[in-house]
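Participant: Mind docking chains D and C on chain W? Use the hints.
Chains as they are written, first to last, in the numbering used here: chain W, 1 to 285; chain D, 1 to 320; chain C, 1 to 313.
Be a bit skeptical, because a hint or two may be false.
Said to hold, decoys possible - Mimicking DMTMM-like on lysine to aspartate or glutamate, the simulated pairs with C-alpha atoms at most 25 Å apart in a straight line are:
1) D:Lys247 - C:Asp187
2) W:Lys187 - C:Asp105
3) C:Lys258 - D:Glu235
4) C:Lys12 - C:Asp26
5) D:Lys105 - D:Glu127
6) W:Lys80 - W:Glu47
7) D:Lys255 - C:Glu217
8) C:Lys52 - W:Asp112
What the hints assert, rightly or not - From the derived model, a few chain C residues whose C-beta atoms are all more than 10 Å from chain W:
9) Val13
10) Phe67
11) Asn190
12) Leu191
13) Tyr280
14) Ser304
FYI, nobody ran anything at the bench for these hints, they're computed from the structure.
Note that beta-carbon positions come from the ideal geometry of N, C-alpha and C, so glycine has one too.
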Amino acid sequence: MTDLKKRSEILYFALRNNKLRIGLAVVLFFLVLTFVGPLLTDYGPYEYVGPASQPPSSEYWFGTTTFGQDVFTQFVLGLKATFLVGIVGGGLGTLIGVLVGFSAGYRGGVIDEVLNMLTNIVLVIPTLAILLIIAAYLTVRGILAESVFIGFTAWPWAARAIRAQTFSLRSRDFVDLARLSGMKPWKIIFTEIAPNMMSYLLLVFILQFGGAILTAATLDFIGLGPTNAVSLGLMMNNAVLWGALILGMWWWFVPPGAAIMAIVGALYVTNVGLDEVFNPKLREM
Amino acid sequence: MSLQVENLRVYYQTLRGDVKALDGATFSIADREIMGLAGESGCGKSTLGNGLILLTPPMRFVEGRVTIDDEELPIWDMERMDGFRFRKISIIPQYAMNAMNPTRKIGKMTSELLESRNVDSRATLPELERRLDLVELTRDVLNMYPIELSGGMKQRMVMVISTLLNPSLLIADEITSALDVSTQKAVADMLVEFRDREFVKSMMVITHDISILYQIADSILIMYAGQLAEKASTEVIIHSPRHPYTKLLISALPKVGVKYAERRLAGIPGNPPLLLDPPVGCRFRERCPVAFDRCLQEPQFIEVEKDHFVACWKEFERDA
Amino acid sequence: MLRLDRVSKVYKVGTFGGKELRAVSDVSFNVEDGEVVSLIGESGSGKSTIGKMILRLISISSGAIFFDGMDISTLSGGALKEYYRKVQGVFQDPFSTYNPIFKADRVFRTIHEEFYPGVKGREWNEKLESSLEAVGLNPEEVLNKFPHQLSGGQLQRFLIARALLLDIQFLVADEIISMLDASTRIDVLNLVADLKSRGLSILFITHDLSLGYYISERAVILHRGCVVEMGSTEEVYYNPLHPYTRMLMACVPRLDEKWQDVEVELKAQQSGITSGCVYYERCQVAGKDECCATERPALRKVESDHYVACGQC
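So that you can see chain W by itself, here it is in the shape it has in the complex (with noise of 0.2 Å):
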């Protein structure tokens, strides 16, 4: 009866917490909106589909931008390429910080050294520099490429958060038990380990995925991002590329600049509740 209780405790209050049910219901409306939007729509992106700059109307429900193409039908394929980045790049990220986390903290000594050197130059890197000197080569450029960039350059932050948690981990008995039962060290750290920091992976992974989508949508801005594909912070690029502020044209960057910032608030809210949901000692009970 109690252990039902330890689990399901988790669960009784992760849905009563409020942080974590508005962020959840915030990002999933928009998940949904990427599903169901483009059945919506009959244009394509960048089709010409109507009278030039126009305001929202029960036609173009965005409006149309300065090339008389729908923001609607860009808005929702935008959002399919924001996602997409946020769980690959973010993923990429994730992974990369969990095996050189996990490596240095629980190796320590040379191995560690090594890592640590090879997380601060990551870390030092100008991205932007190096992204520019990409983008001068690779003159076409993909959603993928992009994400893989994000992922192999925004993952320093969680292999050090990671590798201090493991290293404060590692010193406990339990670990030490299970090195007296002959097993392997990949084995203890993903079976003895991972599971006590799950929560801590979950919330890394949450936030590794609202910060990809955030770099996204600024390189996408600043003109750095893909070149043959759809997403919101190109759209602001377009919008202010075209003079949509000047035009007083609020439909077609609004529309994207609210959509990634409810997007990536709700993740840190969302964060922000788990955390409180998984640490007793934050809950306002």
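Facilitator: Then chains D and C, alone, in the frame of chain W:
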């Protein structure tokens, strides 16, 4: 009479209900008496010791009366207790030696503490220095940071600070646990000296280590599962206890001179009851080798001989 | 069975690893077959470090440890696993030895997976039940529970049952009962003593002198990483020769006699160990001269089973 406690009940509030951690304690400590408070984990000794001086949530005062030097001690009232703390009643909390602010010099910490109690720290400085000499700490200690002192020195420092205003009752909560053997002896001896020099009138020494109590305590109070089991002078408790729990507990302690090959000691089978929903009657009933049907009723803590209190029906029967 | 030959453990501390911390210095002693040896020392004496070195959880800086004649410091991989079939350990804190998010009997499953992969379900269950009964636990009451649902005493017994599953020859018991209540301590201690009848050798690490006396045939007294005295328990306890041992015997609180009026001088933090006797700073033996401060005394045989490391005794 230094301390008198009547029918004190302090429960812990939890989501699942009240944990009856201290359920009906009635005893007294005379002037110049060092009473040891002993028992195993969960018996309520820490609740009793801390409840007398700082009854904060999740502890909840249920009922009872505490008087110190014939004056009522309003332990449920945080504000009024402020006037008593440090002056009439003082505590050396568990882990006190590790709780000193690492970024403050000890002298500064002490003077801040005194000022917060509305005591002129400058006026008490000579007395402080005298006490430091007594416990063999140099006066330079006041200019050091806690990290520069060893465990024994920190413990002695905390003892000096806690007794600076000559409280009537000093509560010492597990103050010898984390020390090595020689420091333990020095600290324990120091407790006795404080009483002999009348820096404190009486003491309540809370510990799970009964052998230390044998060395320094005048009397011992044994607790079990939130209730009092037996109180008597140290000699009586160690050599002729009457409560079944005390008897089993004392006989379960290894002594130098007893070898497993010669005489196998026995423990007490089973576990103490959970106090969320304690059993009816005597709480030791289920593990007691001499329990009988009367034990379904809760025994009172009664004086069966001079200065010897027991809560056991079997023992009452013997005397009747 | 187990022999330590001038084992040392040195840690590099300080910025840039400049300074050295000698946790264990040149320790040598034996544990014979079917013998219980107490390793007695206070905090900082290095006793736990020695236990961990025997269990190969910490590397050995210098010296060697021989188990049945084999040098264990070079073992790795499969050979190390074989070593763990014969040598296991139980630690001080029962609640930290278990991974809190898993059930307690997972420790048995780990042994099953790692050491007995071929043993089928029913046979394994029988083996498990007989191990549990051997340590005085009722399988129905204790299986399938989380660590926080069991008591400290039960958890420690679990760990002993785990070691018995492997049919070990040597057990390192590091302060295994110091965190238990007095009434359960003695039962677990009796259990450990009973294991001797199965042919087990035990290294019983403790700071509590009365426990050492109760259970062991021989005692090794450790101070700041060095062996200061060792021999049969009777000899060491009733005829202590080293000033440190004498101080220990005089200061430990006993239930059968009161403290003598022994003046214990309290000193400030001890400085780092240099050469010379480790007890030099606190030693009260009159006439301690220069040689105690500069030369570390070697362990000298005084009687048939009694060795002391002291220049003045």
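Participant: Tell me the numbers of any earlier hints that the structure contravenes, in ascending order.
Facilitator: Checked against the structure, no hint fails, so every one of them is satisfied.
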